[in-house]
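K.L.:
Here is what each chain is made of, one letter per residue.
2 protein chains.
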Amino acid sequence: QMPRGNLETIHHRALVLAQLRKWLDSLRFRDAFEVMRKQRINLNLIYDHNPKVFLENVEMFLNQVDSINHINLFLTELRDEDTTKTMYPCPSTCTPPSAPGVTGKKVDIVCDALRATMECLNPDRYCLCILTTHVKKTVPELETALQKVHQLRVNTPSSSEAVKAEEALKYLLFLVDVNDLYTHSLGTYDFTLVLMVAEKSQKDPKEYLPFLNMLKTLELNYQRYTIDKHLKRYSKALQHLSKCGDEYFSEVLNLVKDQQLYREALSLYPTDSSQYKELSAAYAEHLVERSQAEMAGLLLWRCGELARALQAFVGGASWRHALSVAMQMPLPPDQLALLARDLADKLLEQRRYTEASVLLEQYAKDCEEAISALITGAAWEEALRLVHLYNRQDIIETNLKPALLEAYTTQVSFLESQKALFSRHQTRLAVVREEKEKARQEMLDEGDCGDVELYSEASSVMSGSHVGSRYTHSNSRISARSSKNRRKAEGKKFSLKEGSPFEETALLHALTHITHTVDKMREEIQGLLKALVLFQYDDQAGTLQRNYSQLLTLMESNIPLIWIPNNTQTLVTGPTSTANSITASFQQQRVPPTAQQDTEAFTPPKMRTSVKWKLCVLD
Amino acid sequence: QMPRGNLETIHHRALVLAQLRKWLDSLRFRDAFEVMRKQRINLNLIYDHNPKVFLENVEMFLNQVDSINHINLFLTELRDEDTTKTMYPCPSTCTPPSAPGVTGKKVDIVCDALRATMECLNPDRYCLCILTTHVKKTVPELETALQKVHQLRVNTPSSSEAVKAEEALKYLLFLVDVNDLYTHSLGTYDFTLVLMVAEKSQKDPKEYLPFLNMLKTLELNYQRYTIDKHLKRYSKALQHLSKCGDEYFSEVLNLVKDQQLYREALSLYPTDSSQYKELSAAYAEHLVERSQAEMAGLLLWRCGELARALQAFVGGASWRHALSVAMQMPLPPDQLALLARDLADKLLEQRRYTEASVLLEQYAKDCEEAISALITGAAWEEALRLVHLYNRQDIIETNLKPALLEAYTTQVSFLESQKALFSRHQTRLAVVREEKEKARQEMLDEGDCGDVELYSEASSVMSGSHVGSRYTHSNSRISARSSKNRRKAEGKKFSLKEGSPFEETALLHALTHITHTVDKMREEIQGLLKALVLFQYDDQAGTLQRNYSQLLTLMESNIPLIWIPNNTQTLVTGPTSTANSITASFQQQRVPPTAQQDTEAFTPPKMRTSVKWKLCVLD
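Protein chains in written order, with the working numbering: chain A, 130 to 748; chain B, 130 to 748.
For the record, the hints were derived by calculation from the structure and aren't laboratory data.
It does not matter which identical chain is used: a pair holds within one copy or between any two.
Below, a list of computed lysine-lysine pairs in the DSBU-like style, where the Cα atoms sit at most 35 Å apart:
(1) K741 with K649
(2) K345 with K372
(3) K735 with K649
(4) K386 with K335
(5) K735 with K548
(6) K649 with K659
(7) K358 with K329
Chain A on its own, in the form it takes in the complex (with noise of 0.2 Å):
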């Protein structure tokens, strides 16, 4: 070939392609295939050109190229790329071809089309090309292309264009790394085939040879799961091993221990086996280990492990299931009282105060302690069913009474504490939108002066709120910090310190929260108010029901007034106004878009208006 200037290659490129595409089109594989091999172009363009004519005319392509060494070339050329869209783009003129119906990786399906057609037509002949659809697949099946060999080598085929198992080892050998290749043979358990490829690797014998002498000492699954944790293959190092026998049951153990390979042990063993039941115990304790004390139990209690299971429910705070363990066992009637109360007392240190009393009423026999978990935990009704149920009418006065208005004079000092939090946030909230607006009035009023740009950049600096815009217009910016910084930088939105650039959002967070918090406290509150009234306390129901409704009250009617929706501000279009002012004063009214966290302080929050808490005797 004759050495090409510059010039003519890329004029003659265009030309060629366009060649190419009407050859392509035209299905006259062979030409385009031969112009392509000489003018060096990729060879991928013949699928990409168009994936769905040529997976329907694989046939007449191989038919077409008819020759092994140029099929391999295509397939060894191949790449998960589209070309026409990276080296050889389409020009606007001709039209694309329309979404390829095929999903899945270009290579794979290239691969497995070839192969199946081949071998359809040839296996014999095509055997090299097939070999290599096998090594060019995304995850290498390189032990079907070895027992290709293997077969070759066995039953050698009597027909003429066969390939000898020699040579397609050899061909091999040159698509793949020779250690690649020897793992791979070793993993088909095949020692013919290992010392096939050993010999050919002109890998030294000492080095392979007293191994697998060793191996074949082996019984046929020991050997296997020798090999397979070898090639560090630990589930099917598993599999063999589980089928060696109990005696090596430990060495089971170990392996599962080590590799983590719990679930597919005990996938092996049947589930009422001693086996399954010591897997389970190892995995169980692996689970503790991972504070997953209620999965560990599970799996106790579903193989018998009945007391290790009652000491990870218990563990695991899980009180229902310990209780059912401790029941099955059963466990004597004054260890039960013990365990309850062990457990009632964590599920109170959880603020837990229902759970705990039934455990205390129905397995420790207490309804005193019982009564007073539920007085704790403000569940007035069912603390006053277990009253009389037990007939314990006395704990009305001693315990329930007093914690009652115990409970009235926490929440009225709650509820105003909240209320001048609400109103110190709200005044000065108005504080810095004010001081906000007035600086964009400055700016405005500076008029033309400076751009956009500018002017977002230093009403986002003064104001703090529109830090979102920083963001959005100087891209360089954003991208040199470290995503370290930005945390950092989001940590300080929720700074309430006054003058901090990000005051607006931390008030608006802060705003939500207690709207939240009190609003949450619509059953709470009702179930005191009936408390209350229940017993004669109707002045302290009336206030308190009184001043709850004002807060939420006064958080409805201000919500409008801090969220402000966007449409209240009017438009600043007129004839004073100029592009860049129309477009300054919409970015100012749209919510700053940085994170999501700032768009969910934007967003008024939503009280549960429909939760219905008054008593209508107190109104």
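Mind docking chain B on chain A? Use the hints.
P.N.:
Just chain B, lined up with the frame of chain A:
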């Protein structure tokens, strides 16, 4: 006085007002008053010009004006209106006085301030003015005024300046309607006063004398009750009637029922009295009629009406209270069991399975039914607890396991249906949005030919999602619509019919709903997974976990595609853009601000990603 021409009046007034302001500023009230009276300038200005200064110098005002008639003139002309803002706005050159520190109704403030000063200075002399201040208050204090007149009659003041009772009454009748005055005189329960007014009123004695004579024969409290009732002052009537003794209690009860004065009535009797009980019962009856059975029960219970309280609690499905009362009565065991079953049935109907199980277990003593309720409610842990508590392991095989497998099948197919619905809506949303974008592009391409309003109108009709702007721009149309029509329009927003103008909103609503429904299932699915694992249904558990996890991931990853953040759309400023095109493009970007519901639809649903539900043993 000479007749005045228009010109003179108008020009003169501006000058006069300027002069008046100067006089008022230098506290020359008399000069100001004289001129205002002559020029017919509203006297309110004296106060309005500077409320603070006036209130601080009331005494000086009184001394300067120094005429009972003039003071009365000033008082009767008082109105709750700031004349400096309405009739006599301050010209822009003079700075308006800073906002007054006084809150409350202006008329009341001025009346109270003047009266206080006059009563200090010379109550006898200012007598008629003082009466005027009472009458002029927002809620006229006619009784106080009448009492003062009565005082004049009883203790005729010696002072020569003093006004006679006769004269004062005449003045009152001049200020107030005679029937009003008669009514209020009756309300003082003072018959001399009543007669005094009646005589002056030119009423026919035949009209009022028989009634007054009848009243005089009554016992004091009953007399007052009769008067109060006559005047429709039912609260006072109740108070007086309650003092008349037990024989009148049936009348009390009737009054209470007629006027629904239950709360007032209860506060008039000691809580341990029989009347309190009867009133409570009446109140309870009333509450039951208003579907407030639980409240009724509380009132009956607290006054010891156990049987009726029980009935009310059963009616209100307040099962805890019902059983508390039943235990307190106490109900015989067989009836208690019946009651428990009855209530349990109600709770089961309301899908409150766990509560029903407590009733069945603890009161009906039917553990089998209790466990069955828990299984129906998918409360697997609690069901197991009772199974073991009552040593009924047989139920595991007969009921629990089949229910578990059924729950598995139901959930898997439910998740599948939700997934299909989600994808269908999302696909349709893309189509709707594409059409909208096409319409928008066509609009923008047409350039400046239409004004913004026309543009946004057309676009909203086409896309249906920006109907918000239609409301914003043409207020005349919206105000013409009745609120009923608006409600109708909002209902349409949720129509998922293809091509409906509100389809985008409807689709977003539906997608939000599906997301919330699926996201809410985390706890439920976890509970089912644990139970499945416990009974060795690992395969089913694995499938369910995989399906649910995939669905959650699908939703999470599609949320940013469905609810597109504002900032992804680029600005459309540039050489070819106009003010209108910029405005229009911003309007496209903005969330349509019509109603709260719309904003909701355009806010991405928040998933509870912090709720961990997966079982690690299935991963």
